[in-house]
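S.K.: Please put together the full structure from these sequences, using the hints given.
Under numbering that gives the first Met the number 0, the residue at position 22 of the sequence shown is numbered 21, and the numbers go up by one with no gaps.
In silico DSBU-like pairs for lysine-lysine, Cα to Cα no more than 35 Å straight-line: (1) Lys88 x Lys32; (2) Lys68 x Lys41; (3) Lys57 x Lys32; (4) Lys88 x Lys41; (5) Lys68 x Lys27; (6) Lys24 x Lys61; (7) Lys81 x Lys24; (8) Lys57 x Lys24; (9) Lys41 x Lys81; (10) Lys32 x Lys61; (11) Lys27 x Lys88; (12) Lys41 x Lys104; (13) Lys61 x Lys81; (14) Lys68 x Lys24; (15) Lys88 x Lys61; (16) Lys57 x Lys41; (17) Lys32 x Lys81; (18) Lys27 x Lys61; (19) Lys88 x Lys104; (20) Lys88 x Lys24; (21) Lys24 x Lys41; (22) Lys32 x Lys68; (23) Lys61 x Lys41; (24) Lys104 x Lys68; (25) Lys57 x Lys68; (26) Lys104 x Lys57.
For each label pair, taking beta carbons as the anchor points, the in silico distance ranges come out as: (27) Lys104 x Asn31: 32 to 38 Å; (28) Tyr106 x Asn59: 28 to 34 Å; (29) Gly69 x Thr109: 16 to 22 Å.
Keep in mind the hints are simulated off the structure, nothing from the lab. Here a beta-carbon is modelled for each residue, glycine too, at the ideal position from N, C-alpha and C.
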Amino acid sequence: MKNFLIVCFFLISGVIFSQKNETLKISKSQLNKAILLSEVVKYDLTGSGDVSWEVAAKANGKVVSAVCKGDSIPASVSNIFKNADIGSKIYFDVTTSTNKAKDKKPYVQTFGILIVE
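M.R.: Printed below as a string of structure tokens:
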């Protein structure tokens with residue numbers, strides 16, 4: 000019974016959380032014009048140390064991914080963006096060598112962005 004109540008609590012919390020937080024959206028044209036990762040994920044990477052990231056998206060009906068370093072978007076990722084399916088989400092896992100807190104530990108943040116027309 001206790002486990003059931005815990006599961007119910009997390010399910011209800013998830014529903015409330017998802018209703019309060021809007022999905023980040025980006026238009027296909029904005030995505031195709033982006034030259035920096037920070038323009039797409041809307042996250043300030045200055046002072047974050049070394050940045051590495053992985054992107055996964057559905058492009059032409061297939062899931063494709065790439066691993067990158069730095070804030071610049073390489074040609075391989077631009078190609079993924081150009082072929083990304085409207086209505087699907089692009090997922091980013093961004094790892095920085097330091098976070099903005101003082102503990103100096105690597106920091107990973109995940110972003111999911113919906114592609115709209």
